[in-house]
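Residues 1 to 149 (the working numbering) are what the sequence shown spells out, left to right.
I should point out that these hints are in silico values taken from the structure, not numbers from a laboratory. Hints are not guaranteed to be accurate.
No farther apart than 27 Å at their CA atoms in a straight line, the calculated lysine-lysine pairs in the BS3-like style are these [unchecked claim]:
no., residue 1, residue 2
1, K129, K6
2, K129, K142
3, K132, K142
4, K6, K41
5, K6, K142
6, K132, K41
7, K129, K41
8, K132, K6
9, K41, K142
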Amino acid sequence: MQPEDKSTESRLLAALAHGSITTQGLGILVGVLVYITQRDKSRYMAFQGLQAAVFQFVHLVITIGMWLFWGVLYGLSMIPMIMQMESNPDAAPPAIFWIAMLTMVIPLGYMVLIGWYGLWGAWQTWRGKDFKYLFIGRWLEKSGFGERV
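Please model the entire structure based on the sequences and the hints provided.
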């Protein structure tokens, strides 16, 4: 198969699929729509759309899991604080409360890093580069969805 000409339209749709990660969840739909509408026209656009959708879905599930774990940790940190408030209402919150609050940066940081990685993919595809996410791109390629140039 000959290398595909990456027109402005194909680069824009590929970049849109990757850049839609900033919408936290709706981007999955954008990637799927790019894949469905372009799979017969351009393997490049279809692969980039599918790859973006799978990447965003996987990381949305991971992010939800991280926030659920943090919520449980935060909720459990309230138990010592409630017990302390009954005995000494003027005391500062216990250390476990502050530890739970500080761990909030983990899912937030993860979301920022994943967002930047998706935007990097958008930038690379806009420039016409073949972009593949670290594990997902290779996995999709081996599964038969990849663009073989």
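Here is what the structure says about each hint:
1. K129 to K6: Since the Cα atoms of K129 and K6 sit roughly 9 Å apart, the hinted pair holds (cutoff 27 Å).
2. K129 to K142: Holds. K129 to K142 sits at ~20 Å (cutoff 27 Å).
3. K132 to K142: holds (12 Å)
4. K6 to K41: holds (12 Å)
5. K6 to K142: Roughly 22 Å between the alpha carbons, so the hint for K6 and K142 holds.
6. K132 to K41: Status holds; Cα separation ~20 Å.
7. K129 to K41: Holds. K129 to K41 sits at ~18 Å (cutoff 27 Å).
8. K132 to K6: Holds: K132 and K6 sit about 16 Å apart, inside 27 Å.
9. K41 to K142: With Cα atoms ~21 Å apart, K41 and K142 stay inside 27 Å; holds.
Every hint, counting from the list given before, is met by this structure.
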